[in-house]
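Line order of the protein sequences matches chains A and B.
When we follow the working numbering, the leftmost residue of the first sequence carries the number 1, and every step to the right adds one.
When we follow the working numbering, the leftmost residue of the second sequence carries the number 1, and every step to the right adds one.
What the hints contain is simulated information worked out from the structure, not anything from laboratory work.
One or more hints might be untrue.
Pairs of lysine to aspartate or glutamate residues, derived as DMTMM-like cross-links and limited to a Cα-Cα distance of at most 20 Å, are as follows [to be verified]:
#1 A:Lys165 <-> A:Glu203
#2 A:Lys93 <-> B:Asp202
#3 B:Lys76 <-> A:Asp25
#4 A:Lys274 <-> B:Glu53
Values in this document were obtained by computation on a predicted structure and should not be read as measured data.
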Amino acid sequence: MLKYIFCSFVITLYINQSMKKYISDFIVKTNERLHANYCLLKLKPQEGKLPEILPGQFCQVEIKNSKNTFLRRPISVNYVDYDNDLLWLLVRKAGEGTSALMDIKEGDILNLVYPMGNGFSVPADKGKRLLLIGGGVGVAPLLYFGEVLKKAGVEVNFLLGARSKNDLLELDEFYKRGNVYLSTEDGSEGEKGFVTTHSVLKEKWDSISCCGPMPMMKAVAKYAVENGVDCEVSLENVMACGVGACLCCVEDTADHGNVCVCKEGPVFNINRLKW
Amino acid sequence: MVDLSVNIGNLKLKNPVLTASGTFGYGEEYADFVDLNRLGGFIVKGTTLNHREGNPYPRMVETPSGMLNAVGLQNKGVDYFINEIYPRIKDVDSQVIVNVSGACIEDYVQVCEKLAPLEKIEAVEINISCPNVKQGGMAFGTTCAGAESVTKAIREAYGKTMIVKLSPNVTDITEIARAVETAGADAVSLTNTFLGMAINVDTQRPYLSTITGGLSGACIRPIAVRMVWQVANAVKIPVVGLGGIMNGRDAVEFMLAGATAVQVGTANFVDPAVTVKIVDYIEDYMKRHGIESAKDLIGAMKK
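Chain B extracted, bound-state conformation (with noise of 0.2 Å):
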């Protein structure tokens, strides 16, 4: 038996599987093809304190290997998860964690009290990151000031795990890194999309409504990779990675490069069973290569 389990601060995983934000609705989405008890848990779509209705349509491209998304964190806000949401899938036996978002500072701090008193909610990533939002989002995590700020007062009103999410868009992440562990951040994931941008040549327009957007997929998976390894060897707190990860070896490159946890997004849209085959892989790969615990993995790169 190898022990797949590993732990985010005071967080504790069965095993190293998280689905990223935005991929996999509230998880109920995809209970028709995976087992949800058998994730490390799932991180809910952006929630914010009010409704918000998102980005107009058209919100989305294919690109190759890739695709930009402008959804804009439509969401129905934070007390309708809590009442309409939340007791659907609050007995499920893994983890669940909100993504938080907010224009304002005062935003994020109110939605995470709000869900602090929530007992299986034992986490909360905050989404620092987001490109698609006029406000806030990304604007926080682009500067080392802007993110210490926000990750400082959800610290002060916040007790639980708090994960911050990073943007890949910046000079140097791991700076940015530094001051959310500096504010008191239990762990950082990343990386959140990167600015990309398509435009048809017949119509001569933008494919998206907002013209520039967040790309996921294959694509951005060496980028990703890389900002992982540079932000594991920056900082003492825990590192999720994601970005691109489509299967189970995808998954092993990240936690070799220093990752704890990793989240799978865009690889659900295409193999909505996805993420159970990569734990299975993972365990397997564990066996193959005589690795007891899967925290042994992390960082295990060769040079």
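Looking at chain A on its own, in the form it has when it is part of the complex (with noise of 0.2 Å):
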């Protein structure tokens, strides 16, 4: 018995890291300006249908009409909508790059490499307590997290935290898939202060999901070892290749040293890093 289960386990991460990856233009649906700094993309595939993504997953997204940069840029997937082929995916203006990427129209063409790097775990037993905690644009790929584990069976709570109430992205979405907590440095919405703050985390919880600016990560990383809580982040560390073949992305890890974000990530458990 405990050889099949490590064997099943053997299995699950082999699929995940040879998952097929693809170059394909897709079709920008819609273009949303949901706040000045963020849009939400709704790309359907020029061509088939979208294969298997998994949720933490990302995207290389090349950016034509960018004058001065020329690398794409590393993208999640905010979600994926298979009933009608729309892959979305949720863009915040950091620099020349995604501010080109934020201008582009309906009815243009993107090329992406994807699906990217591994995924955040899904429980095996749908009893655990699972908290799915996002800051900022870092919220993006807990939606579809959140759609998956729902389908799956398990309890999808949200803690989403940002600067005010209009840094708060997509939240009628959130509402449809699990409970939702809230957190603003301003106290707009939802409890003042950060998410490590926030009344929710007095509860026990069996693991936690993570996605946002790197200081957030870092205390909720802080919050679970404390608590002997499993915790997985997802990190952005700047990327070329997004293949694992440059090696510009590390992050050196407890058991492997510099390892590439993009191929072994962008998805970590914290016991593999040195924080």
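With the hints in hand, could you dock these two chains into one complex?
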């Protein structure tokens, strides 16, 4: 029995790491400005159907309308609408590349290399209490993860944080998929403060999946360690190739030294990180 | 039918398109996008005698039409390559060349000696031009005496094709090229990255953990083309050209300047399938211009 469990674990990992990647053109169906600094792109493959995509994986997006940048930008998958064959990308204006991406028009073509990296772990035990913590644009992968968990019969709890009310994104979509707890730094929505000071963290959690700014993820990781909660975080180190070839986006791990975030991540269990 | 094949010393390439070391991993990373059998060959990640962790993050920053990197030769060592990687890639129907680096001459020699028995590896590329390591690397490539001594020592120990990768960070690259030719190199490849630097003016800190790094991408191409042209006119051995090749036109430009083969690096990050597109472009270019053999493209620039 033990041997069987071990084997199935290995097989799951293998399938995850050997998922075929594609270079595909997508048609921009909608580009919705959610806020001055955020937009939601809904993309349809120009040919064929979307392949299996795991929550937490990302796309390498080619941005042709950017004058001074040429490298692809890694954007995490926000949601996969298999019914309508639509891939959602939530974009935050971070620099010149993402700024140009936000200006893309409906009907334009975007070239994506995808799906990249690994994903968040789906618990085998449906009774586990799972908290999905997102900050700023880091909420993006948690929407799709929440959908996958909900379909798997796992209770979904989101704790979403932002600077203020206007920076909380896609709330209506999150409410459809689980319990939502909110915190804002200025107190304009939900509890005032940071996600790590939210009262919901006083409850007992079995595991946390987190994506957001680095200081937030480090604070959440500290909470998880102190409270004996299993915790995964999604990193966004600066990348070039996205396939584990150039070794630019490395994170120093306790078990294997420098590893590529693009290939071995972006999702890491915090017990691998030297935080 | 046009003949795309070219030769670098005894090394036969089915076409002139190679990948640049450090940009294509071990080939496997790109197998979803590229039929590796269609390439002239691929040059695997810089390999050293022992495991190297490389430099701390951050290692990369994008600059106008280019990128600076400071990876610092992260790799698991030559034994790992031989035992773990080689068995997985040895059956590919294109050339596999190993890029070799070291902190001292003895390191280079030992790595080459370990690689020599591998049947599939018919050539090594000797990296005397990495700008991102403290010892060895570019130190050997910036003086004629250093370049000559490392080339000579490897030549005595390694009988297969030896390509020496030159640094552009020198006053006269033709002097270094002549030195390694005299010392027994079968070919030279150029250019490696240009030493560069970028500062984040918001934080007033350097973007790279090492402060300086190697510049690659389209921005370096005209300088690399000039250096390939100069070296091709200075030595008799074949020149492999690289530096900012983003598409087929750029590859042809390097061949017209005197390159026998080309390497594609940073462009793989933009389009992971770009290498086969470059092969197709060269074939189509030759048909359009009535050129029967790719060998006739080498140094064919009209004056």
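For this session: With a cut-off of 20 Å on the C-alpha distance, tell me whether Lys76 of chain B and Asp25 of chain A pass.
Result: Cα-Cα ~36 Å, so violated.
Exercise. Does the structure keep Lys274 of chain A and Glu53 of chain B at a Cα separation of 20 Å or less?
Worked result: Status holds; Cα separation ~15 Å.
Exercise. Does Glu203 of chain A lie within 20 Å of Lys165 of chain A when you go C-alpha to C-alpha?
Worked result: Violated - the C-alpha atoms of Glu203 of chain A and Lys165 of chain A are around 24 Å apart, more than 20 Å.
Exercise. Going straight from one Cα to the other, do Lys93 of chain A and Asp202 of chain B come out at no more than 20 Å?
Worked result: This hinted pair holds, its Cα atoms lying about 17 Å apart.
The structure fails hints 1, 3 (numbered hints given earlier, in ascending order).
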